[in-house]
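**Q** These protein sequence lines are chains A and B, in that order. The first sequence: position 256 = 255 (numbering that gives the first Met the number 0), numbered continuously. The second sequence: position 93 = 92 (numbering that gives the first Met the number 0), numbered continuously.
Keep in mind that a hint or two might mislead.
Derived Cβ-Cβ restraints for the label pairs, each shown as a range [said to hold, decoys possible]:
1. A:Glu334 to B:Glu149: 41 to 47 angstroms
2. B:Glu149 to A:Gly393: 42 to 48 angstroms
3. A:Leu386 to B:Arg414: 35 to 41 angstroms
4. A:Ser237 to B:Asp100: 34 to 40 angstroms
5. B:Gly315 to A:Thr261: 57 to 63 angstroms
6. B:Arg258 to A:Tyr394: 55 to 61 angstroms
7. B:Asp256 to A:Asp356: 51 to 57 angstroms
8. B:Arg137 to A:Arg84: 30 to 36 angstroms
9. B:His87 to A:Phe402: 38 to 44 angstroms
10. B:Arg258 to A:Arg263: 45 to 51 angstroms
11. A:Ser237 to B:Met406: 40 to 46 angstroms
Only pairs whose alpha carbons sit at most 25 angstroms apart, straight line, appear in this in silico SDA-like list of lysine to any residue [stated by the list, open to error]:
12. A:Lys306 to A:Phe129
13. B:Lys103 to B:Ala292
14. B:Lys103 to A:Ala165
15. A:Lys103 to A:Ala308
16. A:Lys352 to B:Arg205
To be clear, the hints were calculated from the coordinates, so they are not data collected in a lab. Ideal Cβ placement from N, Cα and C applies to all residues, glycine included.
These are the residues of each chain, in order.
2 protein chains.
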Amino acid sequence: MREGAEDRVTGTSSEISPASYGPRVVIAGGGFAGLAAARALARAAVDVTLLDRRNYHLFQPLLYQVATGGLSPADISAPLRAVLRRQHNVRVLLATVVDIDPQKRQVILEDGRMPYDVLVLATGVGHHYFAHPEWERRAPGLKTIEDATEIRGRILRAFENAERAADGTERQALLTFVVIGAGPTGVELAGAVGELARFTLRRDFRAVDPRAARIVLIEGADRVLPSYRSELSEAARSSLARLGVEVSTDTRVEAIDERRVTLRTPAGVSEIEAATVLWAAGVKGSRLGAVLARRTGAELDGHGRVKVANDCSLPGHEEIFVVGDLAYFATADDEGLPGIAPVAMQQGRFVGKLIRDRLAGRRTRGFRYRNRGSLAVIGRAAAVADLGALRFTGYAAWILWLFIHIMYLVGFANRVLVLIQWAHGYLTRGRGARLITGRPAGMGEGADD
Amino acid sequence: MREGAEDRVTGTSSEISPASYGPRVVIAGGGFAGLAAARALARAAVDVTLLDRRNYHLFQPLLYQVATGGLSPADISAPLRAVLRRQHNVRVLLATVVDIDPQKRQVILEDGRMPYDVLVLATGVGHHYFAHPEWERRAPGLKTIEDATEIRGRILRAFENAERAADGTERQALLTFVVIGAGPTGVELAGAVGELARFTLRRDFRAVDPRAARIVLIEGADRVLPSYRSELSEAARSSLARLGVEVSTDTRVEAIDERRVTLRTPAGVSEIEAATVLWAAGVKGSRLGAVLARRTGAELDGHGRVKVANDCSLPGHEEIFVVGDLAYFATADDEGLPGIAPVAMQQGRFVGKLIRDRLAGRRTRGFRYRNRGSLAVIGRAAAVADLGALRFTGYAAWILWLFIHIMYLVGFANRVLVLIQWAHGYLTRGRGARLITGRPAGMGEGADD
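Please take these sequences and the hints and turn them into a complete structure.
**A** If you want it as structure tokens, here you go:
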């Protein structure tokens, strides 16, 4: 026991005791937004509790690299405790928030309650399958480490099964990969699968040629990266073509069954036989958004995001803030700010500072997003970048992308390791983290065979 | 399709076709022994098929580092296809061998059959809980990547739960770790948990002091590392003591229940309340050993290992070889050769060469193990080494251990990454791969929160 800490310690199954001093700030979620809020409170006279049901901060923009064997989970994760070790007014607790009691000002955990003076909700978004939740099993999305290792296993297993396939039709279905949704995640994922097939695995098989793999990227809008400017969509499309990715725009998914994906284009309905289907099409606010709506009457947008006031607070609840992907922050075009890391980090930092200012009795202002540009990467040395006045594509954009992503990775070891993995991958086109993990079928208890 | 390969391609659910030339060598298992056998056949006029139910070779001696957050799974794994890419007479198939038909000379897969002219069994060993298979759930062993990430999650979750524990008794049970078995794996694991608690996590918690963790290493024999010379056991014991590991020798486990471990020592029976119990006490031959015994009358030793002739073949079946941990190779002391990587590699290489020699009509000799020494590591800069004439301990042994282990890691990227992780860990005592993975309890479908 550390001295003096006992009075702040709390029950796992009873009420979690109040902080020992100052207003109690509870932050739910240790992603970009929650972590930025916690850090912005470093020198404030508050007692911060950061709740997350994971023990690590995840650098989601590189998750597609884990899903395609380029990086290991730990390379893009940093233990929350280690990140916040030196910030003595923060305690980190591994806990799942299941409900909120805004009258009593308590968050309700699976195994206890915790009072707050200020609540910052930053629990992000999950996958959204619109009217087809049954598609999830067949077409997993990419939000967590477990999603990424699952997708990695599916992609690699498809090639393994193709090597052993009995006939050509089956083999072609095994070598067909459909990625649904051509936003940044879908584009990056399709590009990385293209690279894997064309370069990394090229000489690894005896019966199949991985370059024969068909990768189809489906998009409902009329171009890839629809939220970017159209020149960049064009550049992305040609980079994808160089990696052998077929792009099908103006295309909607009608059905996904065990063997095929049914598509509707302006030209009619078509089918693709594909063993592997990946979902990058829709997100919806995490469950706590709906909880908040029920408990406070908060308004949600069509994606389950919580509509916030211009200081990121919940209208009518100046003690509750919603930041990051879970927040719908109004914009002129009604789309709301995009669900990207820079918005989340800026909102988190803003709310941290606002809490500090309020405690100090200083005047506060509304949140303003400073758009520093958009980036997406396609394959190993191609990317598109939109920095407002500057827009560029290809190798220069890729170097910029690499630099920015590595700069923002939390933790020194990660940065060096990721850089080495990248340098090695760039030189050899190798992807070292190509593991199919999880209990294989037919594995007995106890003994390996 | 690669040209000319089709005739060697095989059904997933029908008979797998014979090789296109020369004797068909089927190797089951891509560990140290199987991989060494495949490589030794590189220039032989044989058609080698390497079957493994994993798609990677695992460097098991470093698995305890994954279990304690020091390394990532991919750091100690190499995709089998990548390792054997340039060896054109080998094909790698992801498959599970369920049975053997020695009359027809076929291995039976979950989904097909495959004929062999020569069979090399190298499927290793699994955990063995003696008369208590029910202990496995409570006290997992360390043989696979999944085992390692499971153990990592248990250790880290114990500290997380301790931070939130309601009372001191519960907290102390959560901070108690029992490691059963003080062979190299148990010693390394206990030492690494000691380091994690004493150094890595030291400042990470607010309510608990991880240095208060109790780590107990249980051994039935009268000293740790009973297969090593006694001076080295002494050195290991004092290194463990410096890391705060309590060693209890001459101690047997009587019972393991949800809360406690019951121990019997010459002094009587005692109990330890411990949330985390790890098993490093017993192994037994993988299921294929028993299959072979049933199908051929092969003799097994008390640990389910297959007794082999002095050329590693199965007596009465000169076309079947058993190598690595699964083989019982008789020694003067009746213990058999130890289940360590050097024995496995030497046997694999020996059998590969023997097959080549037989094909060439050359005379063959029996296998002789060249003991180049034993090593075990205790914590971050201490190890014990027994190189026959030379025996040393402490820092020098640790450097030697590090050098040998990294030298034997397959794949350039792994080596560099592991070296950097180690250098970083050595300087900072950090362990970057401290992730609790797997679906957390209470996680909803679709949306994250």
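**Q** So, for every hint listed, does it hold in this structure?
**A** Consistency of the hints with the structure:
no.	hint	in the structure
1	A:Glu334 to B:Glu149: 41 to 47 angstroms	holds (43 angstroms)
2	B:Glu149 to A:Gly393: 42 to 48 angstroms	holds (44 angstroms)
3	A:Leu386 to B:Arg414: 35 to 41 angstroms	holds (38 angstroms)
4	A:Ser237 to B:Asp100: 34 to 40 angstroms	violated (54 angstroms)
5	B:Gly315 to A:Thr261: 57 to 63 angstroms	holds (58 angstroms)
6	B:Arg258 to A:Tyr394: 55 to 61 angstroms	holds (60 angstroms)
7	B:Asp256 to A:Asp356: 51 to 57 angstroms	holds (54 angstroms)
8	B:Arg137 to A:Arg84: 30 to 36 angstroms	holds (32 angstroms)
9	B:His87 to A:Phe402: 38 to 44 angstroms	holds (40 angstroms)
10	B:Arg258 to A:Arg263: 45 to 51 angstroms	violated (58 angstroms)
11	A:Ser237 to B:Met406: 40 to 46 angstroms	holds (45 angstroms)
12	A:Lys306 to A:Phe129	holds (20 angstroms)
13	B:Lys103 to B:Ala292	holds (16 angstroms)
14	B:Lys103 to A:Ala165	holds (22 angstroms)
15	A:Lys103 to A:Ala308	holds (22 angstroms)
16	A:Lys352 to B:Arg205	holds (24 angstroms)
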